[in-house]
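Peer 1: The lines below spell out each chain.
Protein chains: 2
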Amino acid sequence: MSDYSKLEKCLDYQFKNKDLIIEALTHKSLKKPYNNERLEFLGDAVLNLIVGEYLYKKFPNSNEGELSKIRASLVNENGFTKLANEIKLGDYIFISTAEERNNGRHKASILSDAFEAIMGAIYLESGLDALKPIILDLLEKSYEKINLDVLFSDYKTALQEITQAQFGSIPEYKIEGSYGPDHKKEFEVSIWIDGKKYGQAKGKSKKLAQQAVAKIAIEQFKGDN
Amino acid sequence: MSDYSKLEKCLDYQFKNKDLIIEALTHKSLKKPYNNERLEFLGDAVLNLIVGEYLYKKFPNSNEGELSKIRASLVNENGFTKLANEIKLGDYIFISTAEERNNGRHKASILSDAFEAIMGAIYLESGLDALKPIILDLLEKSYEKINLDVLFSDYKTALQEITQAQFGSIPEYKIEGSYGPDHKKEFEVSIWIDGKKYGQAKGKSKKLAQQAVAKIAIEQFKGDN
Numbered sequence: 001m002s003d004y005s006k007l008e009k010c011l012d013y014q015f016k017n018k019d020l021i022i023e024a025l026t027h028k029s030l031k032k033p034y035n036n037e038r039l040e041f042l043g044d045a046v047l048n049l050i051v052g053e054y055l056y057k058k059f060p061n062s063n064e065g066e067l068s069k070i071r072a073s074l075v076n077e078n079g080f081t082k083l084a085n086e087i088k089l090g091d092y093i094f095i096s097t098a099e100e101r102n103n104g105r106h107k108a109s110i111l112s113d114a115f116e117a118i119m120g121a122i123y124l125e126s127g128l129d130a131l132k133p134i135i136l137d138l139l140e141k142s143y144e145k146i147n148l149d150v151l152f153s154d155y156k157t158a159l160q161e162i163t164q165a166q167f168g169s170i171p172e173y174k175i176e177g178s179y180g181p182d183h184k185k186e187f188e189v190s191i192w193i194d195g196k197k198y199g200q201a202k203g204k205s206k207k208l209a210q211q212a213v214a215k216i217a218i219e220q221f222k223g224d225n
Numbered sequence: 001m002s003d004y005s006k007l008e009k010c011l012d013y014q015f016k017n018k019d020l021i022i023e024a025l026t027h028k029s030l031k032k033p034y035n036n037e038r039l040e041f042l043g044d045a046v047l048n049l050i051v052g053e054y055l056y057k058k059f060p061n062s063n064e065g066e067l068s069k070i071r072a073s074l075v076n077e078n079g080f081t082k083l084a085n086e087i088k089l090g091d092y093i094f095i096s097t098a099e100e101r102n103n104g105r106h107k108a109s110i111l112s113d114a115f116e117a118i119m120g121a122i123y124l125e126s127g128l129d130a131l132k133p134i135i136l137d138l139l140e141k142s143y144e145k146i147n148l149d150v151l152f153s154d155y156k157t158a159l160q161e162i163t164q165a166q167f168g169s170i171p172e173y174k175i176e177g178s179y180g181p182d183h184k185k186e187f188e189v190s191i192w193i194d195g196k197k198y199g200q201a202k203g204k205s206k207k208l209a210q211q212a213v214a215k216i217a218i219e220q221f222k223g224d225n
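Order-wise, the sequence lines are chains A and B.
Residue 173 in the UniProt record's numbering sits at position 173 of the first sequence, with consecutive numbering throughout.
Residue 3 in the UniProt record's numbering sits at position 3 of the second sequence, with consecutive numbering throughout.
No lab work stands behind these hints, which were simulated from the structure alone.
Some clues are possibly wrong.
Since the list gives no way to pick one copy over another, a pair counts as held whenever it fits inside one copy or between any two copies.
To be verified - Lysine-lysine pairs mimicking BS3-like chemistry, simulated, CA-CA at most 27 Å apart: (1) LYS28 with LYS141; (2) LYS57 with LYS31; (3) LYS18 with LYS207; (4) LYS32 with LYS207.
Keep in mind that this is a model prediction, so the values were computed, not measured.
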């Protein structure tokens, strides 16, 4: 039997019904009379709602197509595995010895399902208002500010719409340099619109640097209006 | 401007934020700065959760595949149009004159979207606990008892509840035989409750045979009462 106290600490939540939590942590490979599949069904729906509502409120100007797209980028196996790893859920799940040998404790599908099940269990015993802060906290921890901005705000796309309307052309990005050792590289990118340079910025990848400099340019266009 | 009072009466709910309800009733054909698409995004997620939780609790012995299948049969355009008609939502929506001429007030897609949006709006202004009884009430009104039974048809669970209350024990299913070639096998199952045989039935799988014989037993208990 695992010691849940660390998991509880990590989630800043005290489990009430231990049977329910055990069910949520139990993978079907154990062939017990219960496993976490039913709770996963419930957890999936509640996560979809919490993330949907979060995005609905965070992006009052996005239409439902954009909201769906952003949500789909968070609410999926990869996204939930990321969150499961944030709370080290793999340390607590119950799987068969065959799955254990098969590296099941680190499999995305198993971790993601268990994550949904745990959240389903918390919802069931404590309700939506108890679960919301847990999820939003985890989301913000896992997707750091800069990543969140990139994920949510596609500055390149937004800028392109502006420049096409204003100049009938799209921005040009030039790589000005790259710095640091391979595992810690930074890129510096400049942005040119209609023959004029609008800014220069660094980022941990070319993509991040482009987004950063697109943001700088957008702010200038906003300033003009 | 519509008179909402009838809709409010029908839902047994007082709208708080009139702007939000107007948004929920406004179809995109009107080309206003707002329409019900964002609220529909939210409503879709909240309906999925409410119906999912309802089924989760109603069918403790169904696995997640069965729950998903039942939910999918309720949470879809047809299902929501049925519920929209139950509250005569078509009388209250705002659509363009072109859509009006095009019979838009009776289109499944428009009604279903508006239904999700209205439920999203109620969730937003009053929360999950206010919305749940509204939805469950509508579901039970729209799907009469007999349909619900057929739709869900988890007779085993229903019977178990009856026998636990009446005898403090659960039914026993015995396989009496199996017939036919492998690809077309049939199973015959009998049911025993408190030491007495209540019936025997065939089915294309053990599970289906058990459901069939559980139904036979339920009818006897219903006849008794």
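Peer 1: If a hint holds in the structure, say so; if it does not, say that too.
Peer 2: Each hint tested on the structure:
1. LYS28 with LYS141: This pair counts as neither: shortest intra-copy Cα distance 30 Å, inter-copy 37 Å.
2. LYS57 with LYS31: Only across copies: LYS57 and LYS31 sit 22 Å apart there, 42 Å inside one copy, limit 27 Å.
3. LYS18 with LYS207: neither (45 Å within a copy, 31 Å between copies)
4. LYS32 with LYS207: between (47 Å within a copy, 19 Å between copies)
Violation of the numbered hints given earlier is confined to hints 1, 3; the remaining hints are satisfied by the structure.
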